[in-house]
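Engineer: As a plain string of letters, each chain reads:
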Amino acid sequence: MNVYAIRAIYRQEMYRMWRTVLGSIFTPVITTSLYFVVFGAAIGSRMQPIDGVHYANFIVPGLIMMQLLTQGIFNASFGIHMPKFNGTIYEVLSAPVSPIEILVGYVGAAATKAVILGLIIMGVAWAFVPFHILHPFVMLAFLVVTALTFSLFGFAIGIWADGFDKLQVIPTMIVMPLTFLGGTFYSINMLPGFWRTVALFNPIVYLVNGFRWSFYGIADVTPLISLAFTGGFMLICLAVIYWMFRTGYKLKV
Amino acid sequence: MTQPIISISGLEKAYGNGFRALKGVDLEIRKGEIFALLGPNGAGKTTLIGIVCGTVTPTGGQVLVDGKDVIRDYRATRGRIGLVPQELSIDGFERVYSTVRFSRGLFGKPPNPDHIEKVLKDLALWDKKDNQVRMLSGGMKRRVLIAKALAHEPDILFLDEPTAGVDVELRRDMWEMIRRLREAGTTIILTTHYLEEAEDMADRVGVINKGEIVLVEDKQALMSKLGRRQLSLQLAKPLDALPEALKGWSVDLNGGGNELVFNFDSASEHADIAALLRRLGELGIDFKDLHTRESSLEDIFVDLIRAPAA
Ligand SMILES: Nc1ncnc2c1ncn2[C@@H]1O[C@H](COP(=O)(O)OP(=O)(O)OP(=O)(O)O)[C@@H](O)[C@H]1O
Ligand SMILES: [Mg+2]
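Residue numbers (our numbering), protein chains in the order written: chain D, 548 to 800; chain V, 168 to 477.
Take the hints with a grain of salt, since some may be wrong.
Partial list, derived from the structure: chain V residues whose beta carbon lies under 7 Å from chain D [said to hold, decoys possible]:
#, residue
1, THR222
2, ASP258
3, PHE274
The set of hints was computed from the structure by calculation and includes no laboratory data. It should be emphasised that the depicted structure is a prediction, and the values quoted were computed from it without experimental measurement. Each residue gets a CB set at the ideal place from its N, CA and C atoms; glycine is no exception.
Generate coordinates for the entire structure from the input sequences, incorporating the hints supplied.
Structural biologist: If you want it as structure tokens, here you go:
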């Protein structure tokens, strides 16, 4: 195990976050604050409570999840795409590091950033609408597992993409819509029957619900299924990445 | 005989588009030598280096570094190798010191600030250590790449055109440093388009053309085997034709009968020149000036590369 290499990659990636602190911390925090103001305070005051939870509180877990997903994907895809783009990948490829070590370094850093960001946003949300977390450890588990899973997903995208435009395709074309339809802003029980069934095919629904359950103890689907879903998706990402490394897919010529 | 530190056999590379960049390359690099790999643009030098270092996947053949396979035993082989790439591939936003420290860690070595300081000082980068790389000039960036390659104390160093874009003085310093590394036991493989560099520095020279090794030779041996000498005589009086008596030599009459040009193989040239001058005296051919010219590695190289086409 090349521990020094993992540490070097991790440290370099974390350092990159400091360099770009405006983009990686402030922007998502400001975006989320706007959601709190618009949906939580303005619109939320006119909404019925959902399952006994105020609307402003109801949307908090979903909003955190949303940033966790986007930032996890963005950080990891950018982190591995950049070296491919500017050619510095040669160094990683010529180093005595195994795919696992590369993965742990890059994805570990991306996930760490996502978790830090998630916690910051949680703090900001709390300033807007004080809430109480029923199951803090489950909440942390969801936070970490989700950050990891979507950082893995982002890593795979970063390897697959051969240009900056492609880097954006999956996040904006697939992840964004799924997130908006993933029950951040509503309970899927509010949907008419047919659309509720459709919603159950959206993996984000499970994430948001599991996460929300850890806050308020309310959910449209059982938290265990949520966790299983997230875990399953993580395994798929791992398998894809394993295959990419095995074949040198788009990394080596 | 010295053990080969790198042995390459039957190495093939076909790129995704089907282009065969390497066509069965066999090559051995000896421990502790400076080996210059020469060849025109697109010959396959970077591809060959890439396979040894792990950035390019071969499609056939095998590379052993100190007896270990570069694919199966990549940890052992890559840990010993440093690579300075041809392109200036470096993240401009990194700082000099931290990017060099990163390289050391990446190659699995525990932190060693003393070593990094030494490398940066050797490359005259110490006063730039806190600068962002993008603020440096091209030649400085290349030196940062060398520092990165040396950060983990490799005993084999690949330099893919290390002196491209480096000014004369720095180039001299760089060669000085490469000599010191060699003295410390590092094996060095370099490519360059400045042939006088290879001539100055290398112990052995390999020439690759269109994916095939056309020649590997001790530099000295190469120079004397393929090197030629030329003796030109400016005649006092022009000749109408080449005298019969000189036909035994390889000689041309040029410049409207004003110049005699003799070509010698490096072999027994001294005896020949003496005999020649005596013969000219006997024939009463006077000359007012003479100069000799030895072919350089450059001429040899051009001949080699042109030969198959001709
Ligand atoms: N990724 C690639 N895909 C397809 N062909 C490639 C690729 N990389 C290199 N080649 C081709 O392989 C051949 C050898 O390239 P290589 O870079 O090894 O040459 P080189 O000897 O290093 O040349 P130079 O002196 O210009 O650096 C060239 O014809 C090049 O076009
Ligand atoms: Mg090249």
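Engineer: Now tell me if each hint is right for this structure.
Structural biologist: Going down the list of hints, with the structure as the test:
Hint status for THR222(V) relative to chain D: holds, with the closest Cβ pair at about 5 Å, below 7 Å. Taking 7 Å as the C-beta cut-off, the interface hint given for ASP258(V) holds, the closest approach to chain D being about 5 Å. Among the interface hints, the one on PHE274(V) holds; its C-beta lies about 5 Å from the nearest C-beta in chain D, closer than the 7 Å criterion.
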